[in-house]
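J.: Residue numbers (my numbering), protein chains in the order written: chain A, 1 to 414; chain B, 1001 to 1313; chain C, 2001 to 2417.
Incorrect hints may appear among the rest.
The calculated lysine-lysine pairs, modelled on BS3-like cross-linking and capped at a C-alpha distance of 25 Å, are [unchecked claim]:
1. 375/A with 1126/B
2. 397/A with 163/A
3. 1126/B with 408/A
4. 2074/C with 408/A
5. 2315/C with 139/A
6. 113/A with 2074/C
Cβ pair distances, simulated, as ranges [to be verified]:
7. 1174/B with 2171/C: 43 to 53 Å
8. 2349/C with 292/A: 28 to 38 Å
9. 1088/B with 2333/C: 25 to 35 Å
10. 296/A with 1125/B: 33 to 43 Å
11. 2206/C with 1299/B: 15 to 25 Å
12. 2081/C with 120/A: 24 to 34 Å
13. 2023/C with 412/A: 30 to 40 Å
14. 193/A with 1270/B: 30 to 40 Å
15. 1146/B with 2199/C: 24 to 34 Å
16. 333/A with 2157/C: 15 to 25 Å
17. 2360/C with 1134/B: 46 to 56 Å
Stretch-level coverage of chain A by chain B, calculated; a stretch enters the list once three of its residues show a Cβ under 8 Å from a Cβ in chain B [claimed, not checked]:
18. 240 to 252
19. 313 to 327
It should be emphasised that the hints constitute simulated quantities derived from the structure, not laboratory data. Where a beta carbon is used, it is the ideal one built from N, C-alpha and C, also for glycine.
What follows is the residue order along each chain.
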Amino acid sequence: MNRFWTLLVLAGASFVVSVTAQAEPVKIAVIETLSGGQAAVGKMFLTAINYGLIKVNDEKAWPDGIKVLEYDNQGGPSEAADKVKAAINDGAHIIVQGASSAIGGQITDDVRKHNMRNPGKEIIYLNVGAEAMEFTGSKCHFYHFRWNGNAEIRLRALLTAMKDTKTLGTKVYVIGQNYSWGHDVERLVKEYAKFGNYTVVGDVIHDVNKIQDFSPYVVQIKEANPDTVITGNWSSDLLLLMKAAGDSGLKVRFATYWMDQPGNVANAGATAIGHFNVSSFYPEANGEATQKFADDFKGKMGQYPVFIQAHTVHGIWGLGEALKKVKPGPDGKLNVKQLAFAMETVTVKTSMGEVVMRKEDHQALLPLVVATVSKDAKYKVDGTDMGFKPMRLISGKDAAGPVQSSCKMERPAP
Amino acid sequence: MEFLVVSILNGVIHGLLLFMVSAGLTLIFGMMGVLNFAHAWFYMLGAYIGFTLTRTVGFWAGLIAAPLIVGLCGALVERYMLRRVHRYGHTHELLLTFGLAFIIEELIKLFYGDFPVNYAMPPYMKFAAFTLYETNYPFYRLFMGIVALVMFAVLYVLLTRTRVGIIVRAATYRPVMVEALGHNIPVVFMSVFAAGAALAGLAGAVAGAFFPTGPNMAVDFGTLVFVVVVVGGLGSLEGALVASLMIGLFISFSAGLNWSLADLLAVVGLGGWAREVGGLLTLQLSTVAASMPFLLMLLVLLIRPAGLFGDRQ
Amino acid sequence: MIRSGQIGVCVLVGLLVVLPLLLTPNLMNAAIKMMIAALFALSFSLAMGQAGMLSFGHSAYYGLGAFATLHLMKAVEGSLVTWPTPLLPLAGAAAGFLCGVALGWLATQRTGVYFAMVTLALAELLYTLAPTWNSVFGGEAGISTMRMNSWSINFASDTGVYYLTFAWVAVSTWCLWAFTRTPMGRLALAIRDNEHRVRFLGFNTHLAKTLIFATSTMFTGVAGALLAIANEATNYTIFSAQASANVVLQTFIGGAGTFFGPALGAAIMTFFARMTSDLTRSWLLYQGLIFVIVMLFVPDGIGGLISAHVRMLGKSAVRQLSLPYLLCLVVGALLAFGVIFTVESVHVVLSDAYSVLRRANGGALVPYPLFGQTFNPLSPWTWAIPVVSILAGAALLPLARRLTRRGWSQALQERAV
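Using the sequences plus the hints, can you model the full thing?
T.: Take a look at the structure:
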């Protein structure tokens, strides 16, 4: 809330100080899950977005400043649809969201339909967190930009790094949650068997957020006797799985997508040590540069960037770079179509490397880092004595998967 | 063979944990006819109290204080809220507890944040009790099971062998008569509610050290507790125990089985067709393990609504 | 003689018709959602208030109506069938009715709390199985489609959707009200009061209950269809227990004993959720507090309260009760302000942004911003604000109650005379 007031004052000040003629700030609507079960993650996105905007405003990417409007989607797609309409009515040019693929799906469709029905009044959807494949596949459209990874990119990074460090083994087990994300990950793990030189010795899908006791699944894993278990699980599903595995003394390596969600390492304790995780950022991933970024983030926002925050910041910086390329129209307004054209060829220099937006499907090719939980890490997490020690930094180009054939993007005339 | 033994072991412990949480609920319902929606939230409150006290005073202090504090909260809720609403009917009481659940969750989130907190058991309890088929069995699971069994034993003895128990049981059936005999019925009701809440608080303090303690822990448990209470029979302690064990074993076994309807149809030769149709028919049991208790609840309600041990009405 | 109730209804209808011209697009959207919630609550209250069947799984029919309509819309979009958009809710009605007959036949075999549990179990099963059945329920992303224009009405804009929703809600409300006047409606009341006796009078109560339940779910399906038309998409989370519990709460807050009570409760709570969710992060806490306070002190709901006023008081009551009610309002505002101030202060002080400020000042408890002002957490003046507010409210409360009671007895006396 403080950020909102600060930025409002900033925007207001720049508004007053700037040209006496009509001047219009760019309005960004953050439609996030700020209450209810997933509020923790939604608030993290908001913090990261506000941090990203500091640099964008400092560099005066848009002369009249950027105004942030916050909306709470209450964790449901129906309420998110309401807030999208509210944001449009409040004059937002860009909608940013990340905390849920289901909500992201609603937003991306609503944005597409709005743009179809209201040519000249388009809005952009900046996706900073929804990782389901369909956003750059069957649901892709010109005004959607994904600045985070997806199931395939992260898997490629994981497999590349673990193959390189010879920690993958030849037998892989995949366990996932019973919805599109879990199915995507399972499908991809099977598809990439040749890429990673492994065989999939077993797979199981389970209810989302309902299982308290994962030991039956651990028994199944033990029977299959894999070297590595790959899972896209998050939140308590991941935590309980790892706890059950640790408690039973199962000697297997976990390769996860979301172990760095705050609270996981603290609750898993020593069980977490030695397991692998792929993320868009760790403070030690790229030497001095990433450490500087982490310290600056902590100084301004009160905590080190964790989990999904870094790629969200990079996404906002990408918006800033695109804004630099477009000029206000004669009436001071932003031409969103031009902005979209500018954004699809943008490159952002970040502490992790270059993030490049791919024109064909509007998927950002972002560098990823694969790390393992260790007591040797310099930056500890969750108030424990453990942290994430990077093993390999995979560049955006290497991690990127091919453009999905289901993406048939219709481009407007420039 | 290994699958059988491990599943039974896990299922029994999981069931005993469920019993710890649902014992209080079934008592409260049997006694007062109130389906206390906030029961799982008392569980969460107990876990957070345990967490706070573990960090400041000690683990065992937390285990003792949590049920006392949550019991006190329960008594206050009954005295000042439920009693007022009692004459408007059971739905009002239920909705009041629903609102209470919101309040408890939001207050906890306000003070402790939205992320799971690190409520850990003391290091000297973190060892393997025994090793079975090369898999370690953590001691704390046995500890939870022992606490649950002690809880059941104490409650059972209290209810069936003591004077207080007789009064409580009589008040379940004929509260007006019991009051006419000179017993203070409002105090009895309040104590039962407080005791139920205290049990939930104890369950939270014990289980929270093993399972992740976070603001979502009540929601995850909430509906399953209802299933246990309904299947066991509303108001019956033995029913709650048997039902929890049943459901714990059921979930444990089905998590490990990959059977589906298509497999069943394969017995009559329609397997290939079923697999082609897909959807519901190829759904594996392991995928919907945690949702099957609802099917069980439905069957029990349709066939024998009083539950396994409840009274026929 | 035109009764005041009829005048009230005409005024309401007239207001709703001209509302789009008066409101901003945001508020018009809110109005659409409020009307849909009101219809949902009214249809729920048919089963519950009239027939005494408390259903904890009504969101199942809401969702099924929505999905049925979306599939029809998809078929229209893909030019497989032609179906005018304004008649789309018929699909929702059909789905609601058929599923209500099927599932209701199972559920109505039990009564009371067991009936509620059966409906809950059915809804939960649907909720867990829906995400696995992708062809019907579309998995996590759900089903998404577009409205097509029909009958030369432009449905691409929200105004068209508003009038469509209004028309259907008005017709459905009239049908629901008319239902209570039919013999079946009367039978529902009888079954609620004494089912045993009704059976002995020769009626097949199981069939009757099933049909009444199916009628209720039919209109719930219409509400779901209207949601699908407004949002053009839905996913399986519409089946959640949260949605079912919400409609029960809205009905009781509005007052289960009156006809319009549930609609009022639904409209108010939907509006409340919408407005406060953007203003504060603790809005769920306030919502919980409102639930508890209404259950404790206004058991007949807001609708019951209004109905009691309309029924029992005459015109002179305005004079006698305006001062006491004004005092009650002041007391309420003081107490509310005190609570809100405390909650929001705690929220700000425990937030990350504040810890940044503290770190910048060496860990000291610096002044924190709230409502556009800054407050010093250590200063007694800061604490004085909520404490004084709550104490003042608590001190004035007995006076307010006494005055209200006196005003009521005076008004009732004058009415009796």
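J.: Confirm or reject each hint.
T.: Evaluation of the provided hints:
1. 375/A with 1126/B: holds (19 Å)
2. 397/A with 163/A: Answer holds: residue 397/A to residue 163/A is near 17 Å, not above 25 Å.
3. 1126/B with 408/A: Not satisfied, since the Cα-Cα distance of roughly 55 Å exceeds 25 Å.
4. 2074/C with 408/A: OK: residue 2074/C and residue 408/A at ~19 Å, within 25 Å.
5. 2315/C with 139/A: violated (61 Å)
6. 113/A with 2074/C: Holds. Residue 113/A to residue 2074/C sits at ~14 Å (cutoff 25 Å).
7. 1174/B with 2171/C: 43 to 53 Å: holds (51 Å)
8. 2349/C with 292/A: 28 to 38 Å: Taking Cβ atoms as reference, residue 2349/C and residue 292/A lie about 30 Å apart, which means the hint holds.
9. 1088/B with 2333/C: 25 to 35 Å: holds (27 Å)
10. 296/A with 1125/B: 33 to 43 Å: Cβ of residue 296/A to Cβ of residue 1125/B: about 42 Å, so the range 33 to 43 Å holds.
11. 2206/C with 1299/B: 15 to 25 Å: For residue 1299/B against residue 2206/C, whose Cβ atoms are near 19 Å apart, the range 15 to 25 Å holds.
12. 2081/C with 120/A: 24 to 34 Å: holds (33 Å)
13. 2023/C with 412/A: 30 to 40 Å: holds (32 Å)
14. 193/A with 1270/B: 30 to 40 Å: Because 31 Å falls inside the window, the suggested range holds.
15. 1146/B with 2199/C: 24 to 34 Å: violated (51 Å)
16. 333/A with 2157/C: 15 to 25 Å: holds (22 Å)
17. 2360/C with 1134/B: 46 to 56 Å: Holds, at about 54 Å.
18. 240 to 252: holds (count 6)
19. 313 to 327: Violated: only 0 residues of the stretch 313 to 327 of chain A have a Cβ under 8 Å from chain B.
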